[in-house]
Every structure is written in C-alpha cells, then in structure tokens.
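> Taken in order, these protein sequences are the chains called A and B.
FYI, the numbering for the first sequence is 2 to 865, going by my numbering.
FYI, the numbering for the second sequence is 205 to 386, going by my numbering.
Just so you know, these hints were derived from the structure itself, not from any lab.
Since the structure is predicted, the reported quantities are computational estimates derived from the model, not experimental observations.
Treat the hints with care, since some could be wrong.
Said to hold, decoys possible - Okay, the calculated bits of chain A under chain B, using three or more residues with CB under 8 Å as the criterion:
1) 410–418
2) 423–433
3) 464–470
4) 634–641
5) 666–672
Beta carbons: idealized from backbone N, C-alpha and C, even for Gly.
What follows is the residue order along each chain.
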Amino acid sequence: MRRVALALAVLVALGCDGAPPPLSDAGCGEPGRPADQPSIGCPAVVELGCVEEGGAPLDVDVAAASCDGSPITVTCTPERVVAGTTGGTCAAVAPSGARAECAFPIRYRVRGPASLGCTPSVTVACTSARTALDVPRPSVMASCDGGDVGDPTSDAPGAFAVGVTSVTWSAPVSGGAPLACVTRVEVTDATPPSLACAPVTVTRTAPDAAIVVPAPRATDACDEDVEVALAPVPSARGTHTVPVTATDDAGGTARCDLEVTVRDVFAPVGLRVISAELAGDGTTDVTLGWEDGGGADATAVRLERATAPDGPFAAIATLDAAPGAATYTDAEAPAPVAYYRLVALAGAVEGGVTAPVRALSIAAEGYHLRDEAVPGIGFRTSLYGVVRAPMDLSRGPFPLVVFLHGNHGTCRPADGREDQCETRTVHDCQDARFTTTPNAEGYLYLQETLAASGYVTVSLSANALNCRDGFLRERTQLILEHLRRWRGWAGAGGPPFGATFAGALDLSRVALVGHSRGGEAVAGAPAALRASPIEGVAIASVLGIGSTDYETPTPTGVAFAAVLPACDADVTTLEALRQYDRGLDPYDPRDRAQVLFLGANHNYFNREWRFDDNDGARRACTSAQQVGAAAQRGMLEIVLADWLRATVEGAPTPAYLRAEAGTPALIDFWADRALDLRWSYAGPERLVVDDFAGAGAPLLNDLGESNLYSGMIADITCTGTCARNFSHRVSAVRPAWRDAPAQMSFALGGLDATGWEVLSMRFASRIATINDGITEHDLAIRVRDAGGTTAEVTLRAVGRVPHRYTSRFEQEILSTVRVPLSALRAAAPGLDLGRLTALELGMPLPGGAPAGSVWMSDLELARE
Amino acid sequence: MTVRAPGPIDRWNAAALAALAAGALFATLGCAGPDDPSPSRATVVDARREGAGTTRASRELAVAAEARGELAPPRVAPVAPRPLVTVRRIEASEGEDGRGALVAAVDAVAIELDAERFEPRARDPILVVGELSFTRYTHPSPGVLRFVAADAGALPRGVPLYLSWSGEPDHRVSIADALELP
Numbered sequence: 002m003r004r005v006a007l008a009l010a011v012l013v014a015l016g017c018d019g020a021p022p023p024l025s026d027a028g029c030g031e032p033g034r035p036a037d038q039p040s041i042g043c044p045a046v047v048e049l050g051c052v053e054e055g056g057a058p059l060d061v062d063v064a065a066a067s068c069d070g071s072p073i074t075v076t077c078t079p080e081r082v083v084a085g086t087t088g089g090t091c092a093a094v095a096p097s098g099a100r101a102e103c104a105f106p107i108r109y110r111v112r113g114p115a116s117l118g119c120t121p122s123v124t125v126a127c128t129s130a131r132t133a134l135d136v137p138r139p140s141v142m143a144s145c146d147g148g149d150v151g152d153p154t155s156d157a158p159g160a161f162a163v164g165v166t167s168v169t170w171s172a173p174v175s176g177g178a179p180l181a182c183v184t185r186v187e188v189t190d191a192t193p194p195s196l197a198c199a200p201v202t203v204t205r206t207a208p209d210a211a212i213v214v215p216a217p218r219a220t221d222a223c224d225e226d227v228e229v230a231l232a233p234v235p236s237a238r239g240t241h242t243v244p245v246t247a248t249d250d251a252g253g254t255a256r257c258d259l260e261v262t263v264r265d266v267f268a269p270v271g272l273r274v275i276s277a278e279l280a281g282d283g284t285t286d287v288t289l290g291w292e293d294g295g296g297a298d299a300t301a302v303r304l305e306r307a308t309a310p311d312g313p314f315a316a317i318a319t320l321d322a323a324p325g326a327a328t329y330t331d332a333e334a335p336a337p338v339a340y341y342r343l344v345a346l347a348g349a350v351e352g353g354v355t356a357p358v359r360a361l362s363i364a365a366e367g368y369h370l371r372d373e374a375v376p377g378i379g380f381r382t383s384l385y386g387v388v389r390a391p392m393d394l395s396r397g398p399f400p401l402v403v404f405l406h407g408n409h410g411t412c413r414p415a416d417g418r419e420d421q422c423e424t425r426t427v428h429d430c431q432d433a434r435f436t437t438t439p440n441a442e443g444y445l446y447l448q449e450t451l452a453a454s455g456y457v458t459v460s461l462s463a464n465a466l467n468c469r470d471g472f473l474r475e476r477t478q479l480i481l482e483h484l485r486r487w488r489g490w491a492g493a494g495g496p497p498f499g500a501t502f503a504g505a506l507d508l509s510r511v512a513l514v515g516h517s518r519g520g521e522a523v524a525g526a527p528a529a530l531r532a533s534p535i536e537g538v539a540i541a542s543v544l545g546i547g548s549t550d551y552e553t554p555t556p557t558g559v560a561f562a563a564v565l566p567a568c569d570a571d572v573t574t575l576e577a578l579r580q581y582d583r584g585l586d587p588y589d590p591r592d593r594a595q596v597l598f599l600g601a602n603h604n605y606f607n608r609e610w611r612f613d614d615n616d617g618a619r620r621a622c623t624s625a626q627q628v629g630a631a632a633q634r635g636m637l638e639i640v641l642a643d644w645l646r647a648t649v650e651g652a653p654t655p656a657y658l659r660a661e662a663g664t665p666a667l668i669d670f671w672a673d674r675a676l677d678l679r680w681s682y683a684g685p686e687r688l689v690v691d692d693f694a695g696a697g698a699p700l701l702n703d704l705g706e707s708n709l710y711s712g713m714i715a716d717i718t719c720t721g722t723c724a725r726n727f728s729h730r731v732s733a734v735r736p737a738w739r740d741a742p743a744q745m746s747f748a749l750g751g752l753d754a755t756g757w758e759v760l761s762m763r764f765a766s767r768i769a770t771i772n773d774g775i776t777e778h779d780l781a782i783r784v785r786d787a788g789g790t791t792a793e794v795t796l797r798a799v800g801r802v803p804h805r806y807t808s809r810f811e812q813e814i815l816s817t818v819r820v821p822l823s824a825l826r827a828a829a830p831g832l833d834l835g836r837l838t839a840l841e842l843g844m845p846l847p848g849g850a851p852a853g854s855v856w857m858s859d860l861e862l863a864r865e
Numbered sequence: 205m206t207v208r209a210p211g212p213i214d215r216w217n218a219a220a221l222a223a224l225a226a227g228a229l230f231a232t233l234g235c236a237g238p239d240d241p242s243p244s245r246a247t248v249v250d251a252r253r254e255g256a257g258t259t260r261a262s263r264e265l266a267v268a269a270e271a272r273g274e275l276a277p278p279r280v281a282p283v284a285p286r287p288l289v290t291v292r293r294i295e296a297s298e299g300e301d302g303r304g305a306l307v308a309a310v311d312a313v314a315i316e317l318d319a320e321r322f323e324p325r326a327r328d329p330i331l332v333v334g335e336l337s338f339t340r341y342t343h344p345s346p347g348v349l350r351f352v353a354a355d356a357g358a359l360p361r362g363v364p365l366y367l368s369w370s371g372e373p374d375h376r377v378s379i380a381d382a383l384e385l386p
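Chain B on its own, in the form it takes in the complex:
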C-alpha cells in the first residue's frame, strides 16, 4: 500500500509546459527525418512503479510477474532477412488497374512487400507506382503484404515505387527506385 499526494495543483500547466519543451526538443533533433521502415520492436514493459497493485502499472507488473515468474521482456530472436519487395506473375482472375477499379486480369502480377516492416495499422497501405495507386491488399501469409496489378503491361517502367497510407498524403515510404518486372 502506497499513498501519495497528487501532482502539483497546477499540474495541467506543468505537464503542458514539460510536453511543449519536450516537443521543441523533438523537433530540434530532426525526428521528422526520412521514413525508414522499422524492424520488429521490443516489448514495452512498465517496470518503473513502486509497490504491487497500488497503481495500474504496479498492478500489471505484479500480474506479469505472477504469470511469467520474471519481469524481463521476451527475448527477441534474430530475423531472417527478407526482401523488401518481390514482384512475380501470378494466376489471378482479377486485379487492380491502379486507377481505383478492380478489373479482369490480363497479365496479373503480385507486388509483395515485407510486411514485417509495415505493421498492420488502422490506416490502409497504398502502393504507389508512378501515377498508379493500388489500394486493395491482402496478406496471403504472415509477413507478406500483397497488391495485385491486373496488367503487368500497364505498369509504368522506371518510376519509383513507394508505400503510402490512407488519410496521410504527406507520409510515404520509398520501396524501390524503379519497378522491376520478372
């Protein structure tokens, strides 16, 4: 059992000031830099609270300790490298035309990305190839993010490939300088 006083009376202000200060530092440090896809990440463990069960954090810690017998985060195994993008022809009845329509496949190609670098989010990924945008995606197996273009011949050559997300027009991640078809 731990009993503590709350923060300072004007804790709103204090928190806001701290947050603003931290935000300024964040911007100064250039954290809005290039968008690199991130590898898998470590589990977050709240291990800084005191006393078992007196706060949400200590309660979670106590339960975690009971369940695992220890508090350390799970060990992260090394990951076998996987290509960022793979393009291959597939048998498909339909695919995207890159202009918003699902059409009958002519010469379907699957453009598959390493999904471990693009964890699933509330936002949908959009594959952009030049002026074409592919929005219908699937994950045929864990770790694979697949877009299907209906006609390989219609894909522009020599244009960069990048991944964007719905609702985030200013956010894009470069996939390749140019699409290489098999």
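If we strip away everything but chain A, and leave its shape as in the complex, we get:
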C-alpha cells in the first residue's frame, strides 16, 4: 500500500512522540475489499487549551491513505468545539465511496464555570433481574480560569433493576465546589411474567380463622418477586374459582383461574374434664368431653396426652368425627397430672388444635373424729368427712368444696332394701344387723370430678343429725365446725392429716353444695358464718339441690344456685325457689341461678340414695317421665363444675346458665338424653326496672314511671286462689289476653341503658285452661327511645317461656328471658339506648296463639 498523506488542517495534532497518528489497517488486497480502500489515523487526543465562549474551530492532524493511492477526502466533525464537546471523529472517503473512520477525545477548558456533561438518558432491555450496564461517563469541562477537575465517579450500581434509575456523577474540582450531573438509566422488560394455576386446597382450622390461599408461583426473567394478586379470596368452605393476576415490575401481567378448595377442619370446642373417678388400683380414670367444632370436613379427632402443658403430646386415640358431642375415658392417665388436647383431622391432614386441658390425679382421704363438741349441737357427735383431693397438693392452693347430704336412713340392711333410720348421736349405725349408710359417700362422683379439676372436696356425714325432726340449724353448725377444722389443717396442720393440707387450700373462696336438708343447711351457712366468723374462711358459692326451706334461710353475700328437680316426690314444693327469690338483692353483686330440671327426682343426685322417691303413692312422675339416675348425675356433674368455675374461679358464667342458650350438647350427650333445663338467672350487676312490689305497684314501676296494661281480660294482679300454683316469694303481674290485642307498657322516663347489656325478665306460664294447646308462649318485646325509634324482637327469638312441665305437684315456676340490647340495636340500628322511654310487651302475635296468660316478674337491666 502506498501511503498518501494529506494536510487537512492548520493544526496538526501529534502523538506524544510527535509522530503522525498510526493508520488503521485497511485490509488491502483482501477479498471483497475495494481497491481504493482508505485507512485513517486520528490523534490519541486533541488538546485545545482554553476554548473561549462561543467555541473554537477544530483542527486535527489526521493521517490517511488508500490501498491503491487514489486520492481520498477527509472530513472531521465537529467543525467547532463548544462547551460539552468531548470528542470528534474523522472520516476518509475514497473515490469509490469506500470509507474509514477514526475518533479522538478532545481536551480543553472553557471560559466560565467548569461543568460535567452527563449523557441524559440510557435505555436498555433487561437481561435478568438485574441488568449489567456501563453508564456513559460524563464529559468534563474544566474552566480556563479554575482548577483541575478530577475523574468523575458515580453511584451507579453494578446492575440495574427493571425500571428507571438515576445515576449521579460527580467530580471534584481543585479549589472549587465539586461538579455533578445525572444520567437516567431505564431498564425495560417487554416480556410478561409466566403464571401457572395448579389447584390448591386450604385447611381452615377455626370458624373465625382467615382463609389464606397460597399464591400460585409466577416467574419472570427480569423480576425475581412478581406480584401475584388473588381476588376475591374465598370466604367459605367449598371449591371456588379465583382469578389470579401476576404483575412484574415493568407492569407486564399474566392471568389464570385458580381452583381453590377450602376445607373446614375445625378444632373441637369445649374440651374439658367432665368426669373423673378414682379406680380400684388407685389410678384416676379421666373422662374428657367436647363438642364438635363445626368443621364439615373433619373426619376424625386425635386425642393427645402429655405430662406438661406444652407437651410433648402423644396420641392416645383417634376417634371418628361426628356432629354433636363426644366423650372419651382415659384409664391410663399418668400421675400426678395429665394434659390433653384434640387435633382435628381431615384424613391425614391436621386441622385445628384445642388448647390443652389439665386433669389432676385424685387422692382419697378422710377423717372420722368421734365424740366431738360442736357449738350449736346439743350433744357430742362425730365429725366424719370423705375427702377427695388432687394427689399433688403442691400445685395448689386449691379451693375447698364442702358437700352435705340430707335426711336419709343411716342403717343399711344387707339384703338390698332401703336404708333405715336409727336416731343416734354418732355417724355409725349402732345396730349390728346393719352397716352404716354411706350417705356422705353419695357425692363421690362429684367430688372426684372436681378434685381432678383442682378442688379439694369433702363430703360431710350428717348421719348423727338424721332421723330427727328438724335439725336444720344444727346441720349448718356442723358445716361451720368442719370449716374450723379445715382451717387448722390448711394452716399448721394437725391430726389426722398432719401437714398434708398445710398451705394447700384457699379457704377464702369456699364452695358449699347441699342436698335436700343439706341444701337448706348450706343456704343458711353464709349468715351463720357472718354470725360466727372463722378467720381466713369465706364462702364464695352455694348450691342447693332439692333443698328444703324449713328455716327460710336467705343466702346473700355469696353466689347462690338452686336446683329444682321437677319430679321431686319428697320436697314436692320445690321450695328452694323461695331461697332464690329471697336472695334477689340487686345490691348483692353475686350470681344467682335457679334451674328447674325436668324429669329429675329427689334422690338420685346422691348415688347412695338408691331408690326412686317416686316409688309409691307419693309420686310426682312415673319412671317413664323421669330422665333417670345417671342423667341426673351427668347433668349435675357438668353444671356444678361450670357453676364453680364461674363463682369460685371467676370464669365467665356460661350462656346456658344465664338462660341465654339451650342445654349444651355435651351435657345432653353425657346424660344420654336431651335435657329440659329451665333457668332463672340474676347477674351480679342489675338495675331493677320493676319488681312489681312496693307503693304504687303494679301501676308504678321502680323508676317512678307509670305502667299501663291494656286489653287484658282479667285483673293484672292475682292473689289468693288465683295464685294457688304460684309459690314464689317475688311479686309478679298476671297478664291474660284473648283474641284482641293486649299490651303491657312500662314507661322508662328516658332511661339511659348504655353500659347495660341485657334486658332481663322472668315469666311463668300459668296452669290455666286459657293456655290449653300452647307449648311455648310468644309475644313481642318492644323498646322505644325518645326520638320515636322502636326496636322489636319476639320472645322466642331470645328465650323461651314453656307451658307446664310434668309433675303431679306442678307449679308455676318462673324462668328468665334475657333480651340482649345488641339484639334490639340490631333490630333498629338507630335506637338510642341513652334515652329509652318505654318497654312494651305486646300480645298475641299474628299467627300465634290467640290467648294466653303468664306471670311476669323481675324486670331488670343487667350487665352480664
């Protein structure tokens, strides 16, 4: 190749060594190359010195040649260098049009301030989640008048995510402020994500648990975390089609339909120890009960056991799931404590898990102190107690529960006949032909169940007080004497227990349970203890079963409950209802409950009272009308435990016990039949609206407002023969209506009901021909506010007033109906509970029985 050098400019930029720039390789002679293929060589750098404002011409010394020596034309750009120019290019063009180019940087300073010149914007397509990119360096414009500008640096990441990133360049200036400029880098992603919707199954473990559907996997070459949205998420069991959208960082989307199957595998509810029994070998059999959690997909439940509340749990049984309730008896419970929990299963899939419940192993103790002096009892007598307590008393202190039986034979014949009476001053039967009737042992089934749940229990013998007329107050004094002894045993200890119970009892919340005359005795105990205090001993709770009411005790200052066995052929008057009535002090902040237990007799609550009191002429019910011994005991076992948990341990009072729900399925299951329990309940905090007593009653209520009774077919008051079946000790009105509208209206005078939770009242259906054909009464309950808003619910929507029950000694027994104020608000959201003006009870309801008559009493507001 011959080189042809051309002088193209005034200024020739030379290399560092002053030599002309080297030519590029033209590839002369290579196939396909033009014969006049040029080559060109630019200087390594063009130094211009100071460029004045307005720029400077570019003069470049370029070397150029062609393969065959043909003349070539060289052109360089830019023609002028202005601020911002960073380099130039030159092109050599041969006659054939063949072309060669070279480039060169231009260095210069400018007149005025120094500057950095960034490439404004760079756009590239993504190659991965983070795309590598070299951001173009900025031009550096040093000032003719300033210091040197250092090498620019940037905050550019090594790689760029999809989207826009601003890269800032900066360069130091000697003696001046640093320079900066920005390059906008945009990484684009034109490919949408990939999304696959494989069917999924979601297991819901509780009715209120949120349904969380795992999002399908979405992938995208340039987005590691594609956003996946499901809408709407299913809210119920079943198979649902859920649209799914995946969106990548660039806004690209993909869609599919996801098949979601929601399974309800709820944990059972109400797991509890419903029964416990000390087995013959000294171990404790624990019967657990629970109710179905309602999850329709649960196929089984796995019962697990551990020796600590946090496990480890081991399965001891897997049981088929079924609606309703279930029980399981564990005859191998470890001592001294076992914890149980249930795991709901849907096939092999685990669903909800219950919280663990504790079952304590039971120990049997007892005492028989002879020839003891007891204040209030006119002879020296026996102190005999059957004790069941947690085996490990170090887990206490435990509350004490005291049982007391009633009047019954004290001598048991060997031939299986009924127990006989023998009037003695001691526990033991003195006639050698008989053994001593174990009256106190008759409640072992309750004692052992409670002991396993954390109570120390003792059942007292009143054999020495039986077989006499009266002796009710003596029974109460017997209780107090035992409590005195227990105070000693729980303190420093002493014979016969030594230090066994020292520090193991909490006597500040003693519970008393009495049956028959024992029921009356426990009802009298709070007053007797107030009269003769025992330091450190306080009664928290009293429950009487089929109690007598000879001495008319008024159990106040304690929680009180009365069980009225509807088929009681002994205390046929069910007179414990009067104890409930007399104790209805609105200023006594304790629970009060009464339950009419249909089909229950007097005796069977005590397992040693083996014969039905309905045997013989004095019969309240036939055998077929009774629920049976085991059902009675099964009911009491659970109800007593619930009652004590609420009144001794401070647990919430169960809704059924407050007359706000039907009998729990577990009680029915354990009793092996549907039980009809009719509750009265008075909560700890109440405001009497009308007790229908006192001056002005029944036309003036306790708020000082008027009551109006319209459309009634008989006097609203009813006494004498009219009330012969009504033995309550509360005042009540007797509305009676037939065919035409009738109404009871209680003016409330702008009553502020905020802060109260329920409107409570008691009703009893009258044993009268006007009620013939009625199974349950119904009426409208309306509340009005000062603004004229009216809320109405029907009685049957919130409770029940059943008509009659089976007994030859049937009475008109009040039971409670509680109207949640929330139900009234739900019926009329605008109801102003802060200014109630009237409560109205309207009857008959359209389509309902055209006539009826009930008792109504105890109209109150209550908190719980």
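With the hints as your guide, set chain B onto chain A.
Relative to the frame of chain A, chain B by itself:
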C-alpha cells in the same frame, strides 16, 4: 367410644311435649289414688346405655360391673311382717301433748310405726290422732318410728290415726281407724 348427635334441634319442645303427654296419661290412669305405704323397693340399675364410659350411665355401669362382677340388682330378701302400728306404755320423763308442746310425762305411751313403710325423707312425719298432732319423733332402732304422747289419758278415743308430713297438708296415710291403748 361412641359419638352421637344430640337430640333434635328443638329438643326442648320435644321433651316438653312428651312429658306433657305422659303426664296426661299419668293423671288419666288415676295415679293420684289412695296412699298406701309401700314395701321396700328394688334397687334401680341403669342398664340401658351403650359402650363403657361414653355416657354417665355407661360409666356407672362399667364401674358397677368391675366392682360386683355382674350387673344384676341385689337380691331382695323376704321381709318378716311387722305390725304397722304398736302402742305401748313406756317410762319417759316427758312427751308431747299433741298441741305443739313438750311436757312432763304423766302416763307416757309410745306410738310406734313400722318405719320400713315410711322411709326417711326430707319431710318430717307428723302423727295425727284426731285433733292432736305429734311432731317429735325418733327411731330408737332401725325400722321403728316412735312418737311419745305424754299422757295416754289425753289421747282421744275412737278417732282415726294417720301419718302426715310437714309441708304437705294434703298428704296423709291412714294408720288405724281408731287408737287402741294397751
């Protein structure tokens, strides 16, 4: 292990209706008939439940079977007949006057009834002799229900004797047409 559903949803109503129906039948059959003292009765055994330990009843059955080795109720031995009422003079320092007071005995008599026919109850028995009522009783030995009248001479002759119970004014059991003093 047995798992069952509870009764019908409206089980209250069902139970009440059944009970009412049974009650009506009970009344129709005249079960409120004469009050005859009953002999000793058989032990009740709940033997109708299924499965051991799943219900209160089956639990009790299982325990009973374990304890006794069988489920049959105890055998009831025949009872030697005992007179319903026996009246005899006794040595006593005091007795009832039949009008509510305990007084010094003049010519005390014990009126003793066969207690096996009147099992002890929550209610106290009251012996009524004409217009006199005796409320203080004892059981000096099993099977004997004794009332003590302070003065035999004050007891009315030729009037019926019957037993009543406190709180049950409409319930009485005839003991004898007339009191026969020894």
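> Verify this for me: three or more residues of the segment 464–470 of chain A with a beta carbon less than 8 Å from a beta carbon of chain B.
holds (count 4)
> Test coverage of the segment 634–641 of chain A by chain B using CB-CB distances below 8 Å; three residues minimum.
holds (count 3)
> Has the segment 423–433 of chain A got at least three residues whose CB is nearer than 8 Å to a CB belonging to chain B?
Answer holds; 4 residues pass the 8 Å Cβ test.
> Within the assertion that chain B covers the segment 410–418 of chain A, do at least three residues meet a Cβ-to-Cβ distance smaller than 8 Å?
holds (count 6)
> Counting residues of the segment 666–672 of chain A that have a beta-carbon nearer than 8 Å to any beta-carbon of chain B, does the count reach 3?
holds (count 5)
When each numbered hint is compared with the structure, no violation occurs for any of them.
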